[in-house]
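Participant: In case you want the letters, here they are:
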Amino acid sequence: MTATNLPASDAGATTSRTSSPAAGPGRPRKSATQLPRTFYLMVLPALVLFVIFHTIPVIQGVYYSFTDSPGYGPSNLVGFRNYIALFSDPRVLHAYWFTFLIAGVATILVNIVSLAIAVGLNGKIKFKTTLRGVYFVPNILAILVVGYIFNYLFSNSLPALGQKLGIDFLSTSLLTQASTAWIGIVILAVWQAAAFNIIIYIAGLQTVPQEIYEAASIDGAGAWRSFRSITFPMIAGFFTINMVLSLKSFLQIFDHIVALTNGGPGTDTESVALLIYKGGFQGGEYGYQSANSVVFFIVIVVFSIVQLRFLQRREMSA
Amino acid sequence: MSTQASEAAVAPGARTTRKRRRGESHDPVNWWLTALLIVLALTIAVPLYFAVVTALKTTDQLGGTGFGLPTSVRWSNFADAWRLTDFPRTALNSAIITVGAVVLTLLTNSMVAYAIARNLERKLFKGLYFYFVSALFVPFPIIMLPVAKETALLHLDNRLGLILLYVVYGLAFNIFIFTAYIQSIPRELEEAAAMDGASTWGIFWKVIFPLLAPMNATVGILTCLWAWNDFLLPLVILSDPGSATLPLVQYVFQSQFQTNYPTAFASYLMAMAPLLLVYVFAQRWVISGVTQGAVK
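Protein chains in written order, with our numbering: chain A, 1 to 318; chain B, 1 to 296.
Simulated from the structure, these hints should not be mistaken for lab results.
Careful: at least some of the hints might be erroneous.
[What the hints assert, rightly or not] Here are some chain A residues pointing at chain B (derived, C-beta under 10 Å): (1) Leu77; (2) Val78; (3) Leu86; (4) Tyr152; (5) Ser290.
All residues carry an ideal CB built from backbone N, CA and C; glycine is no exception.
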């Protein structure tokens, strides 16, 4: 999990190794002229394709964000007009608010649920392998397809159940009102994303040596106490990475909403990604939604950095 | 020879008894926890059970909570879904795209990572590393609109284009984990091969690539799950309905499905079945592959 700083440290180690005389013989000294051309040929095709399909579209996206392009035909440069308009567009502001709501709640819930299940699956239980296998199943399935099944459950089965049991809250479909539809979206998001996070947390839990727990139980620490004082601090790195990755992927939520509400009723449950898709491809707002996606990009980068800083500081003090 | 054999015969036995004894005294099987986890696992089974029973019903058996078993089974829902979504063709499209993306990703991304990992002390390659990996922070919506235009212009708004995009968009994450892994492989192996006259190209394919097997498993599994289940990229890239993938077809036929839920659910099941079947047989391998990538 500390791979981020690997390249730098290894590069440092290599330089020191080449400069030390002990490592000198047997290893051909490499200089810029002697580097096999093969290395360049190995990266060149990928680099070209990456520039064509990633970097150029990013630049184009930024360029179009300063135009009034509807997605076809000629367009004019309009300066920052799109950006200014974005901040007073209620549909856009609502999409951001809705996306933050879903992403925030889903990120927290997914991490609580999957950490709890991972601790359980790491315990002394029967059928360990089978249960681990079952909990991973949601990650095998397409979100869109599962979403259609959940859609039917939320709009038909759950209301029928609610009426039978006389629970008012459940007797109408969750998905027909924005005030409750977000719950359905979060349930689907957590159901699907927990699978992958559980696996990561189990991998983290297995790095904790069992002897520590034995020592702690001899000292009279209960289960909750040893989780708080031993387990959690020791897997803090896994927690950080899961929080950052979950938030990043939930901020881009798309399939879940297409399957459950398609943004409705009206535009009440639109996420930012869905709004960019709808406005850009179907609404003739190509330039305008490009500006929206540039803002969205900045938001995601800022969120990731702030979250990483915050969680890493906690990790260190823990 | 004989001592070795007897040692080997004794050692496992000794270890198991020790383990068992410790297991009995300190931590017996926690049945309450086992039961709780089984009950929780039902939340995963419920939607799947529901899909199965609904797919077998006739439309007039729907209604209520829908959890009851079908009173009479209508298998032809599957035949209807098969015809309506042109299942053989759609599944073949998904398979071609997934296999193509996985194979090309494994062959190319590992190679790029190797060239980068072994030259990180050079500014150029270090720069390339950060250039590729920084794409992890770029959300897809920002390139979604331009890339759809671009692929249409280049006549890549088809299966081949999709394969290329999966390979290119996987680079950021794959280079990140491949590079970390390659750096843990000692250079001595390559140096020995180089002394024997092997070329850099030969060294990569004959020495390094086989050593990458655990990472190849991780990357292969993740790419497979992504390409098979992805909806957004096929939605914005594919222009010919004939090359639609399984998730895309569920979306396209949604309006027709609305009038006939059993057929819709039969179609959902058929879309989920292939990968689910593969998973049932390769479960251990899949999970250890994913875990491997997580720990690195």
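Participant: Hint by hint, note whether the structure agrees.
Facilitator: Evaluation of the provided hints:
A hinted interface residue such as Leu77 (chain A) counts as satisfied when its beta carbon comes closer than 10 Å to some beta carbon of chain B; here the least separation is about 17 Å, so the hint is violated. Interface restraint check for Val78 (chain A): the shortest CB-CB distance to chain B comes to about 17 Å, outside 10 Å, so the restraint is violated. Look at Leu86 (chain A): its Cβ only gets to about 14 Å from chain B, farther than 10 Å, so that hint breaks. Taken as an interface hint, Tyr152 (chain A) checks out: its beta carbon lies about 7 Å from the nearest beta carbon of chain B, inside 10 Å.
The criterion of a C-beta within 10 Å of any C-beta in chain B is met by Ser290 (chain A), whose closest approach is roughly 6 Å, and the hint holds.
Violated hints for the displayed structure, listed by number in ascending order: 1, 2, 3.
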